[in-house]
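Protein chains: 2
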Amino acid sequence: MSDIEDDVLDEAAGGQSGEARDSYALDDTLLGKLRTAVDIGDPAAIDALITPLHPADIADLLEQVSPPVREAWLKLWPSNIDGAVLSELYGDLREEVIGLLPDAVLTDAVRDLDSDDVVDLVEDLEDDQQEAILDFLHPTERAAVEQALSYPEDSAGRLMQREVVAAPEHWTVGEAIDYMRAHKRELPEQFYHLILTDPRMKPTGYVTLGRIMSSARKTPLTDLVEDSFRAIPATQHEDEVAYAFNQYHLISAPVVDDDGRLVGIITIDDAMIVLDEANEEDILRLAGVDGESSLNDRVIDTTKRRFPWLFVNLITAILASLVISQFEEAIAQIVALAVLMPIVASMGGNAGTQSLTVAVRALATKDLTRSNLMRVVMREAGVGLINGAVFAVVMGVIGLAWFGSAMLGVVIAVAMVINLLVAGLAGILVPVVLDRLKVDPALASGAFVTTVTDVVGFFAFLGLAVLLLL
Amino acid sequence: MSDIEDDVLDEAAGGQSGEARDSYALDDTLLGKLRTAVDIGDPAAIDALITPLHPADIADLLEQVSPPVREAWLKLWPSNIDGAVLSELYGDLREEVIGLLPDAVLTDAVRDLDSDDVVDLVEDLEDDQQEAILDFLHPTERAAVEQALSYPEDSAGRLMQREVVAAPEHWTVGEAIDYMRAHKRELPEQFYHLILTDPRMKPTGYVTLGRIMSSARKTPLTDLVEDSFRAIPATQHEDEVAYAFNQYHLISAPVVDDDGRLVGIITIDDAMIVLDEANEEDILRLAGVDGESSLNDRVIDTTKRRFPWLFVNLITAILASLVISQFEEAIAQIVALAVLMPIVASMGGNAGTQSLTVAVRALATKDLTRSNLMRVVMREAGVGLINGAVFAVVMGVIGLAWFGSAMLGVVIAVAMVINLLVAGLAGILVPVVLDRLKVDPALASGAFVTTVTDVVGFFAFLGLAVLLLL
Numbered sequence: 001m002s003d004i005e006d007d008v009l010d011e012a013a014g015g016q017s018g019e020a021r022d023s024y025a026l027d028d029t030l031l032g033k034l035r036t037a038v039d040i041g042d043p044a045a046i047d048a049l050i051t052p053l054h055p056a057d058i059a060d061l062l063e064q065v066s067p068p069v070r071e072a073w074l075k076l077w078p079s080n081i082d083g084a085v086l087s088e089l090y091g092d093l094r095e096e097v098i099g100l101l102p103d104a105v106l107t108d109a110v111r112d113l114d115s116d117d118v119v120d121l122v123e124d125l126e127d128d129q130q131e132a133i134l135d136f137l138h139p140t141e142r143a144a145v146e147q148a149l150s151y152p153e154d155s156a157g158r159l160m161q162r163e164v165v166a167a168p169e170h171w172t173v174g175e176a177i178d179y180m181r182a183h184k185r186e187l188p189e190q191f192y193h194l195i196l197t198d199p200r201m202k203p204t205g206y207v208t209l210g211r212i213m214s215s216a217r218k219t220p221l222t223d224l225v226e227d228s229f230r231a232i233p234a235t236q237h238e239d240e241v242a243y244a245f246n247q248y249h250l251i252s253a254p255v256v257d258d259d260g261r262l263v264g265i266i267t268i269d270d271a272m273i274v275l276d277e278a279n280e281e282d283i284l285r286l287a288g289v290d291g292e293s294s295l296n297d298r299v300i301d302t303t304k305r306r307f308p309w310l311f312v313n314l315i316t317a318i319l320a321s322l323v324i325s326q327f328e329e330a331i332a333q334i335v336a337l338a339v340l341m342p343i344v345a346s347m348g349g350n351a352g353t354q355s356l357t358v359a360v361r362a363l364a365t366k367d368l369t370r371s372n373l374m375r376v377v378m379r380e381a382g383v384g385l386i387n388g389a390v391f392a393v394v395m396g397v398i399g400l401a402w403f404g405s406a407m408l409g410v411v412i413a414v415a416m417v418i419n420l421l422v423a424g425l426a427g428i429l430v431p432v433v434l435d436r437l438k439v440d441p442a443l444a445s446g447a448f449v450t451t452v453t454d455v456v457g458f459f460a461f462l463g464l465a466v467l468l469l470l
Numbered sequence: 001m002s003d004i005e006d007d008v009l010d011e012a013a014g015g016q017s018g019e020a021r022d023s024y025a026l027d028d029t030l031l032g033k034l035r036t037a038v039d040i041g042d043p044a045a046i047d048a049l050i051t052p053l054h055p056a057d058i059a060d061l062l063e064q065v066s067p068p069v070r071e072a073w074l075k076l077w078p079s080n081i082d083g084a085v086l087s088e089l090y091g092d093l094r095e096e097v098i099g100l101l102p103d104a105v106l107t108d109a110v111r112d113l114d115s116d117d118v119v120d121l122v123e124d125l126e127d128d129q130q131e132a133i134l135d136f137l138h139p140t141e142r143a144a145v146e147q148a149l150s151y152p153e154d155s156a157g158r159l160m161q162r163e164v165v166a167a168p169e170h171w172t173v174g175e176a177i178d179y180m181r182a183h184k185r186e187l188p189e190q191f192y193h194l195i196l197t198d199p200r201m202k203p204t205g206y207v208t209l210g211r212i213m214s215s216a217r218k219t220p221l222t223d224l225v226e227d228s229f230r231a232i233p234a235t236q237h238e239d240e241v242a243y244a245f246n247q248y249h250l251i252s253a254p255v256v257d258d259d260g261r262l263v264g265i266i267t268i269d270d271a272m273i274v275l276d277e278a279n280e281e282d283i284l285r286l287a288g289v290d291g292e293s294s295l296n297d298r299v300i301d302t303t304k305r306r307f308p309w310l311f312v313n314l315i316t317a318i319l320a321s322l323v324i325s326q327f328e329e330a331i332a333q334i335v336a337l338a339v340l341m342p343i344v345a346s347m348g349g350n351a352g353t354q355s356l357t358v359a360v361r362a363l364a365t366k367d368l369t370r371s372n373l374m375r376v377v378m379r380e381a382g383v384g385l386i387n388g389a390v391f392a393v394v395m396g397v398i399g400l401a402w403f404g405s406a407m408l409g410v411v412i413a414v415a416m417v418i419n420l421l422v423a424g425l426a427g428i429l430v431p432v433v434l435d436r437l438k439v440d441p442a443l444a445s446g447a448f449v450t451t452v453t454d455v456v457g458f459f460a461f462l463g464l465a466v467l468l469l470l
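Protein sequences appear in the order of chains A and B.
Residue numbers for the first sequence follow UniProt numbering, so the first one is 1 and each next one is one higher.
Residue numbers for the second sequence follow UniProt numbering, so the first one is 1 and each next one is one higher.
Errors might be hidden in some of the hints.
If chains are identical, the list can't say which one is meant, so a pair holds when it fits in one copy or spans any two.
Simulated crosslink set (DMTMM-like; lysine to aspartate or glutamate; CA at most 20 Å straight-line) [stated by the list, open to error]:
hint : residue 1 : residue 2
1    : Lys202    : Glu88
2    : Lys366    : Glu63
3    : Lys184    : Glu226
4    : Lys304    : Asp227
5    : Lys184    : Asp223
6    : Lys33     : Asp57
7    : Lys366    : Glu280
8    : Lys184    : Glu141
9    : Lys184    : Asp227
10   : Lys75     : Asp108
11   : Lys184    : Asp114
12   : Lys366    : Asp57
13   : Lys218    : Glu96
14   : Lys366    : Asp28
15   : Lys218    : Glu88
16   : Lys75     : Asp103
Keep in mind that the hints were calculated from the coordinates and are not lab data.
Start from the sequences, fold in the hints, and give me the full structure.
Right, here's the structure in full:
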């Protein structure tokens, strides 16, 4: 099978591969070697291939091998799969791999992880798998994980790490350093700020480690606090958290409970993952694909996930056909109408998609607000009118040249202007209204806008034809 | 104007606004107050409103006010616009604001910034504006900026910060701390790692500040190095850099020149911005919108930016019309064909968009490789066949019920299966081939796939109709 794949790609690329932009692609030969090691059943060879890899790359390998190879690999030599690798796997594949691992490997894997990573690992698992993994944890660790799981899904509370390095706000640099040296075993693996708290454990500011390290021991910590400090409520949605990190260039931020007390910390690496996933979800949803889907889903799952959008599109298309059917007589008399009508609808659909994508993104990045809505709507109308006018002239000429009828040219030209104007307006107003109604505009805008541009496109073109040509 | 906007939105939302998910939206009343302060010409009021804001929020405000208000605001009171605010502005708006600022404000603004931020600020400016800003810099700073500008656009060299905290690899924790205390004035504002170098200035590892702070003074730094260490070549494309940060959860990474010597450092906050912009560009390109466009572009610029995609779509649509025109006779005899034909094409277009979006993203995240291509292609074919079969049955029944012809039902059903299968295959193969040919698949796949599904959809449906119905 691998030969066929290589041939397909080599042919397409003229044998070239994309070094300059592909510095981090996995070595193509690695997979072949792994497959061979699995085929001959050589655990030592597998271990030698996998051990040097970063957990994220091991996870990518698990995704890229075929299911039978994956199963044989994990049966022969599961020991390279630790908690970090499991954390890098997503969706169904994570459940599959967990199901294939022996209990001993799984126990080591989860005991190895920080509490926030365990939460991330188990929160999407089926109940029985989740229960089994929690059983592997020490009781205190388990309590911490269950506490985190009590926060709403996709909240800051789920995302945060509970191991926090905090100090009373009246301490000096020297006191902070001595404290950290004395408690080095309890410090989290990665931390960038020391959080200052008041006596009631409310965070009041933070100091970067670089500042502490470069200041004299007697300096009060309060002299060194950063002005970018922002505390995040534990119940805040993770997309908002990611927005705050991106907008305010935060590196880490303390998380507080309803009473404002420090309960954890979120670091930028986790926020980056959330932002990336939110963007990915938007991209897929705009194309009518369930944001949760992955290349490793089974055919039947993928089919089910894509079906709803296609079904919605079918309704849309039938609506458009109903419009056309009102003009059967006109089409029977002038078949050129049937030839040209998809052009008007298709141009409207594309212009609408342009506008709605810009609007959906501007809503996601909070750039489209009440204050500039009217200006943006006017802009889209202007763009639709100008592009509509240009394409009206082009299509008018084509209509005239192709079918020798000046009036047909006028009909298609006027329909084009109308539909591109409507496309621009619908493209901006539909997402804004959906957003206000708390419906995800990335998910639902496309269907509405396409319906509008199809219906308006066919109706304007065929209606004008009846008025002007018959 | 503001009243009208509020009314539109209130109506749409039933008067509700989205607190839960809108923690970081700007206060709606702020803009009104700013507008009033500008109208009555009160600089003190403007200053009082703007000073408490984060630079990113000031930049958002600059984006959201109308151009005349912006101009009047900056004429009355430009002093809140510092380097950080300018860095947060994008595209044409940055040039506009720079053009409106007095030289004195601009000088302070750019002298305030780190060299990497100055590079980021000036690299997209027109030559004369860039020259003017470089003139404001001190000579050493200017040399640093010009050196960075000598790296290729969108490279790690442009992204990196030149202020690096490095130490010889044989040092101890105590030596490192003493060095940092002695040089506190030269330390960058934010840093998270101490980079270890060999005598030839090649980075050999790094140590987190947390590790240094919690270790005894006599500990050798080499005992504390992180295993996530990766050096980045200065010529590497910034998208690859962002991928590496995301894939390997890096917080900062040293940048090296062709000889492997340390020349700078990139931190995760900059990588996060690059990743976010790359995603944004992909989203917009998939919808046929130039990735550079913003809500603040002028109508005429936006029109020009959207025109090319619409023009490509026009060619596509005309191709499809040419296919239809081959079947004019059939349509003249059975007008139902004209009514139903857009359904087949539209379903194919949507299924193709689903597949191509998944493929484009999988290429961007390096999840789609030679190793799993054939499996993914087979999967798309399977999904297309199954969904095609389901919709074939649905449409066959509708065709029969609507037009009372069983054979018409069969024609539309078979055409549906063919087009959804083709859509799945084209959706995956077109982006893969474009990627191999080094054409951005996000930009160009849509046009090719839509052409395929339109042409195949109309041809299969009308061709089968000729064979089976006439």
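Here is how each hint holds up against the structure:
| no. | hint | result |
| --- | --- | --- |
| 1 | Lys202 x Glu88 | neither (33 Å within a copy, 31 Å between copies) |
| 2 | Lys366 x Glu63 | between (35 Å within a copy, 11 Å between copies) |
| 3 | Lys184 x Glu226 | between (24 Å within a copy, 16 Å between copies) |
| 4 | Lys304 x Asp227 | neither (49 Å within a copy, 42 Å between copies) |
| 5 | Lys184 x Asp223 | between (24 Å within a copy, 15 Å between copies) |
| 6 | Lys33 x Asp57 | within (15 Å within a copy, 53 Å between copies) |
| 7 | Lys366 x Glu280 | both (18 Å within a copy, 14 Å between copies) |
| 8 | Lys184 x Glu141 | within (19 Å within a copy, 40 Å between copies) |
| 9 | Lys184 x Asp227 | between (27 Å within a copy, 19 Å between copies) |
| 10 | Lys75 x Asp108 | within (17 Å within a copy, 64 Å between copies) |
| 11 | Lys184 x Asp114 | within (16 Å within a copy, 33 Å between copies) |
| 12 | Lys366 x Asp57 | between (35 Å within a copy, 11 Å between copies) |
| 13 | Lys218 x Glu96 | neither (55 Å within a copy, 47 Å between copies) |
| 14 | Lys366 x Asp28 | between (42 Å within a copy, 12 Å between copies) |
| 15 | Lys218 x Glu88 | neither (43 Å within a copy, 37 Å between copies) |
| 16 | Lys75 x Asp103 | within (12 Å within a copy, 70 Å between copies) |
Hint compliance for this structure: hints 1, 4, 13, 15 are broken, all remaining hints hold.
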